[in-house]
Amino acid sequence: MIDVTTVWIMLAVIFLIFAIAIIYRKWAASIERYVVAERAQSPWINGLALFSTYLSAWAVLGGPGICYAYGIVEFATFVGWGIGVFIILWYYLPKIRDLGAKYGATGLASFMEAYFNSRHVGIVAGIVSWYALLYYLVGQIKGLGLAFSYGTGLKYEVAAIVAIAVVLVYLILSGLKAVIIVDAFCTIVMIAFFTASLYLVFALGGGNIFNTIEKISSYDPRLLYPTGAPYTSDPISLWVFSVLVYAMWQFTPYAWQNYLALRSSKKKDLAIFVSLATIAGGLITWVLILGPVGRVFLPYKVSPDTVVLEVGKYFFPSLYPLFIVGIFLTILATVDSVLLAGSADLYVAIRGIIKPVEKKVGAINIYRLIMVGTAVLASYFAVVYTPEFMVYTMLIGMTGVSAALTGPLAVGLLWKKDPIAADVSLIVSLLLAQLLVLYGITPWLTGCFIGLVASVLLYITIVLARSHR
Amino acid sequence: MKMERPVKRKHFEHILIFGINGLILVIGIIIPWALLFAAPLLWVILGAILYFIYRHEE
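Chains A and B, in that order, give the protein sequences.
Per this note's numbering, residue 1 is the first one in the first sequence, and the count goes up by one each step.
Per this note's numbering, residue 1 is the first one in the second sequence, and the count goes up by one each step.
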């Protein structure tokens, strides 16, 4: 059933996004502006942008789905992640931002190439990063298509293609500047959607949240004190594990454009940027709680992935459009950053062989071509596989790979820079984490963790072996 | 004496960051649902204190 209000709101939002892109089209005419927005973005707007860039289909669809099935286990994932964000960004970000500016880095791969002073590290990092982001993108496009089809009544396949086309239009026009402003706008809508979710939790308890909590607890206390599934059997280890994994997550390639675009590494700016980026982990709990709420209060069973939409539709029909648009924009904000970072990284890898073409069409057009190619490839996979396949399966797990692949960089920034060690650990961590996740040997979070530990150990071993030759 | 203040400030900064994030972790383990309010609130407070400390930094 098509809700006309939602369709109009969707159209208005898309129109606004296009307007933003058109405004900055001329400004973004150079590479430095197109890919890293002149490294001069305010921490307020950039922090707000990172807020929604971080939160993906996993946060607003898969996370509540897990909470629907197993209780608020995802609080550990997201809040643990926030702890990791704060600690790592506070200590690492100034270094990344300043070195990035010194090297003229346009993304993770180009940073690594300059940092390790090695062309082959740039090639390997570029390919590994693009490959991992491609998988990640497929999962995100599935979420995007699902939200768009709920909002507009279009068939999932059509909705996914239209939604990715919208993203491509503003990316092609204005690059990172449009991404940052659109994402900041997405964050504001997202906060409204989160607040509506929390309001619903209050409302279901007659205005008192303790009543809601009590009802959930009396239905099944494990929904509020999850002791196991799906990740581990003991809450303390789950928390420590989440903080460790997500601390490394900060090296995930699609956040690097925002790091590099920050106007300075002053602690004053850092406090704003890091706090805004972190609060995302805290506020997402307002949506995650809808999982157990749906389980207890909805009179019928739903598919876990759609619990937020079902809860919104059943209890809050007047604000249902906000739920749809909030979910759509949250995922959109991730998709645009992933596409941009993926193209910036692949460009570094293939720079050598595309020189003749680049001379003819210009570097920015090469970025645009890579973006379109990546989007077409990812959309194909997203359309071929059914939506049920999405969110908490392997594709989202590939973010784990992108976290693991940056292990060598994390260690390299603290310790010795060895290009061979970086190459080997990047490739091995990618293959290992992919093997573990794709073939279901471990859940995605564990796969990510094992890949990460392996990459760090391998890096240290090779550095030691080479220094004692 | 002039050198002492930034060092003290740095210690305070580390204690603050690890203390508040540690507190969030402990709350998460003991009463997970309390994070609905505790996590965003504590991070806003942490960010505000850090901003306040470094607001005059050039």
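Simulated from the structure, these hints should not be mistaken for lab results.
Hints may contain errors.
Lysine-lysine pairs mimicking DSSO-like chemistry, simulated, CA-CA at most 30 Å apart [to be verified]:
| id | chain 1 | residue 1 | chain 2 | residue 2 |
| --- | --- | --- | --- | --- |
| 1 | B | Lys10 | A | Lys313 |
| 2 | B | Lys8 | A | Lys267 |
| 3 | A | Lys360 | A | Lys26 |
| 4 | A | Lys215 | A | Lys102 |
| 5 | B | Lys8 | A | Lys215 |
| 6 | B | Lys10 | A | Lys267 |
| 7 | B | Lys8 | A | Lys266 |
| 8 | A | Lys313 | A | Lys301 |
| 9 | A | Lys359 | A | Lys102 |
| 10 | B | Lys8 | A | Lys355 |
| 11 | A | Lys268 | B | Lys8 |
| 12 | B | Lys8 | A | Lys95 |
| 13 | A | Lys301 | A | Lys95 |
| 14 | B | Lys10 | A | Lys95 |
| 15 | A | Lys268 | B | Lys10 |
| 16 | A | Lys301 | A | Lys215 |
| 17 | B | Lys10 | A | Lys359 |
Stretches of chain A that chain B covers, calculated by requiring three or more beta carbons in the stretch to come under 8 Å of a beta carbon on chain B [unchecked claim]:
| id | segment |
| --- | --- |
| 18 | 78 to 84 |
| 19 | 407 to 414 |
Ideal placement from N, C-alpha and C gives every residue a C-beta, glycine not left out.
Okay, the hints, checked on the actual structure:
1. B/Lys10 to A/Lys313: violated (50 Å)
2. B/Lys8 to A/Lys267: Status holds; Cα separation ~16 Å.
3. A/Lys360 to A/Lys26: The given pair, whose Cα atoms are some 20 Å apart, holds under the 30 Å limit.
4. A/Lys215 to A/Lys102: Violated, at about 56 Å.
5. B/Lys8 to A/Lys215: Distance of about 48 Å is beyond 30 Å: violated.
6. B/Lys10 to A/Lys267: Satisfied, since the Cα-Cα distance of roughly 11 Å is no more than 30 Å.
7. B/Lys8 to A/Lys266: It holds: about 18 Å lies between the C-alpha atoms, which stays within 30 Å.
8. A/Lys313 to A/Lys301: This hinted pair holds, its Cα atoms lying about 14 Å apart.
9. A/Lys359 to A/Lys102: holds (25 Å)
10. B/Lys8 to A/Lys355: Violated, at roughly 53 Å.
11. A/Lys268 to B/Lys8: holds (17 Å)
12. B/Lys8 to A/Lys95: holds (22 Å)
13. A/Lys301 to A/Lys95: violated (49 Å)
14. B/Lys10 to A/Lys95: holds (17 Å)
15. A/Lys268 to B/Lys10: Answer holds: A/Lys268 to B/Lys10 is near 14 Å, not above 30 Å.
16. A/Lys301 to A/Lys215: holds (18 Å)
17. B/Lys10 to A/Lys359: Measuring from Cα to Cα gives roughly 50 Å; hence the hint is violated.
18. 78 to 84: holds (count 4)
19. 407 to 414: violated (count 0)
Going down the numbered hints, you'll see the structure goes against 1, 4, 5, 10, 13, 17, 19, while the others check out.
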